Amino acid sequence: MRPDPSKQIDRRGLKVWQITGAILSILLVGIVAGVFSLHYFVGILPIWSLVVTCIVAAILIALQIWILPLLRYKKWRYEVSEHEIELKHGVLIVKRTLIPMVRVQHVDTRQGPLLRAYELSSVTISTAATTHEIPALSNEVADELRDRISVLARVTEDDV
Amino acid sequence: MMSEKKRLHPVAMLLAFLTSLKEVAIPLVIFVFIGRGGEGYSWWHFLIMGAFLLFTLGSGVLSWWFYNYQIKNNELQIHQGFIFRKKRFIPRERVQSIDTSQGVIQRLFGLVKVQIETAGGGGEPEVVMSALSKFEAEQLKRELYKSKKSQEEETDDSPIIERPVKEYRLTKKDLIIAASTSGGIGVFLSFIAAIGSQVDNILPGEFYTTVTERVMDATLTFILIGAVVVLLLSWIFSVLGTVLKYGGFVLSRTEDDLIIKRGILERRQLTIPVQRVQALRVVEGLLRQPFGYAALYVESGGGGGKDEQFSTVLFPLMKRKKIQGFLEELIPEVPVHQEMKPLPVKARNRYMFRFSLPVLIPVGLISYFVPLGYLSFILIPIACLVGFLHYKDGGWSMKEATTLLQFRQIGRVRVYVPRKRIQAMELHSTLFQKRKSLTTFQVSILSSLAGKQFRVRDIELNNGHELLNWYSYKYSVKKENNLNE
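Chain order of the listed sequences is A and B. Last residue of the first sequence: 160 (the working numbering), numbering continuous. Last residue of the second sequence: 1485 (the working numbering), numbering continuous.
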């Protein structure tokens, strides 16, 4: 067995995902409200359908705000060594990725408004064929990682 | 080194005119035949049509006049456009391939069409020069390739004559076999489409009551006859198309390049530098597999169109047994091997389940609602069988510097990827796979369409880790050290 990559992402990333989940949940609440107003204004819907809607919405909200962000955070692992980048992440589907340094074309750091509020950035690594993202690293770690990868990646083996 | 600004051959005007004419052919025909109403043509019809023709002609002339190219500062510089000026500069090192082809019109005037591709960037070539004289095309090619090979030791301007080392031709017999078996997918799809269109006609309206009656009596024979006719026609077209496309197929290997010439009406020449070969693909189509035939494809940075899945046909038809020897002789740079590890037995049920699941629900619905619908249950064992075939044909192996992936995509596909061409390697495990310690193995390579992925589902997780180790830098270093000791 190949050992898992060692590093975890920043814990504040969890917060950001929870907030994103909360924003999405507003949509769900809207749908539930829609079903209830349908019941109230248009025609009587059977009680069980209302109950089911509420339960499903509650489960989805719980998943979005608490369970999925937590699992996602716990599962995320990355490691950047001199010669390669290794990632492992995913809740339902565990993805494990190996990218040799010589294949890296460019590295970006990105930051949305939410990430910025928590002083986080994500690092995006592009090869000639694929793109990979390490989400939610603290600004310093992300910048350091980006600079390090771009220096290491400069060692070209042979042109594609 | 530096060349002056050049225009395309004037025939380019004609080609531009014809292209824009083709684009507006349908509206024009509608305008001429349908738009005239009851009282025949009036003066403004002619005015509009005249203005229109003048405009197309004029734009053809202008676009030719304002299009020029030159090689300067190690770049191919192209200026074009008269209203919207466009400049495109392509550094020599970024040129992936330079292809020439000859359509009917180019042939008539002894010209060629030149297409230049860089890595990535979608299906369309970055530069299309519709008409150049053969001499100028050759010159352009030489200048773009020359500096790539030996920028420093540029000795003299005498043309470098590349002598073909080996040449492989497609025999007439093989061409016919290739053509008549090529339509596997197309024929199947058109068959489905034919049935689909019938279903579409029937579905709306009074679905429950009439659908069965109508299908049962009059329409059934009609559908069958229609399907057979459509099937036959599409087969004939696909045979003709393939013959025209791959007639006169010649593959040759020079010192650095693979050169492919093909086509009867439109003669195409493709040059693929061996350095740019990303992967080799062997495809045994549904109709070819029983006879032991396969087609060979090469994945390179540029080239290929939608119909070839953005790769290039290396050889249209070959006996499966000969492929190994052929590839060893043609491209020793990409070592190929036969050994393959099959999928573990515990993956079998997953494959069968994966294929029967999408069938299960429609079958359930049909047998519930439609009389005699339970006959559709026959689809379930068929789906299982398809799944079983996918399972049986799946496999992988790695040896020295090449990994092999085999899987079924209607036809049986075998892909050879050299380690140094793999851009990234991934393992995906779903929760269900995890329980059985299986995983999906995927490699990504460079292709003209923003990267290409090949995957084998449900290999043993341990094997997945072996593959990662094989791909990993540490392992390759260790291996080299062991060899040195």
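Some hints here could point you the wrong way.
Claimed, not checked - DSBU-like mimics (lysine-lysine), calculated; alpha carbons at most 30 angstroms apart, straight line: (1) LYS1434(B) <-> LYS74(A); (2) LYS1420(B) <-> LYS95(A); (3) LYS1173(B) <-> LYS88(A); (4) LYS1420(B) <-> LYS7(A); (5) LYS1261(B) <-> LYS1173(B); (6) LYS1436(B) <-> LYS7(A); (7) LYS1399(B) <-> LYS95(A); (8) LYS1346(B) <-> LYS75(A).
Keep in mind that the hints were calculated from the coordinates and are not lab data. Remember, predicted model here, so these are calculated numbers, not experimental data.
Cross-check of the supplied hints:
1. Straight-line distance between C-alpha atoms of LYS1434(B) and LYS74(A) comes to about 17 angstroms, which keeps the hinted pair within the 30 angstroms bound.
2. Pair hint LYS1420(B) plus LYS95(A) holds up; C-alpha atoms about 22 angstroms apart against a cutoff of 30 angstroms.
3. At most 30 angstroms may separate the alpha-carbon atoms for a hinted pair to count; LYS1173(B) and LYS88(A) exceed this at roughly 52 angstroms.
4. This hinted pair checks out: LYS1420(B) and LYS7(A) have alpha carbons roughly 27 angstroms apart, not beyond 30 angstroms.
5. Between LYS1261(B) and LYS1173(B) the alpha-carbon distance is near 18 angstroms, which keeps this suggested pair within the 30 angstroms criterion.
6. At most 30 angstroms may separate the alpha-carbon atoms for a hinted pair to count; LYS1436(B) and LYS7(A) meet this at roughly 27 angstroms.
7. Among the hinted pairs, LYS1399(B) with LYS95(A) is consistent with the structure: their alpha-carbon atoms are about 24 angstroms apart, no more than 30 angstroms.
8. Of the pairs offered as hints, the one joining LYS1346(B) and LYS75(A) holds, with about 26 angstroms between alpha carbons and a cut-off of 30 angstroms not exceeded.
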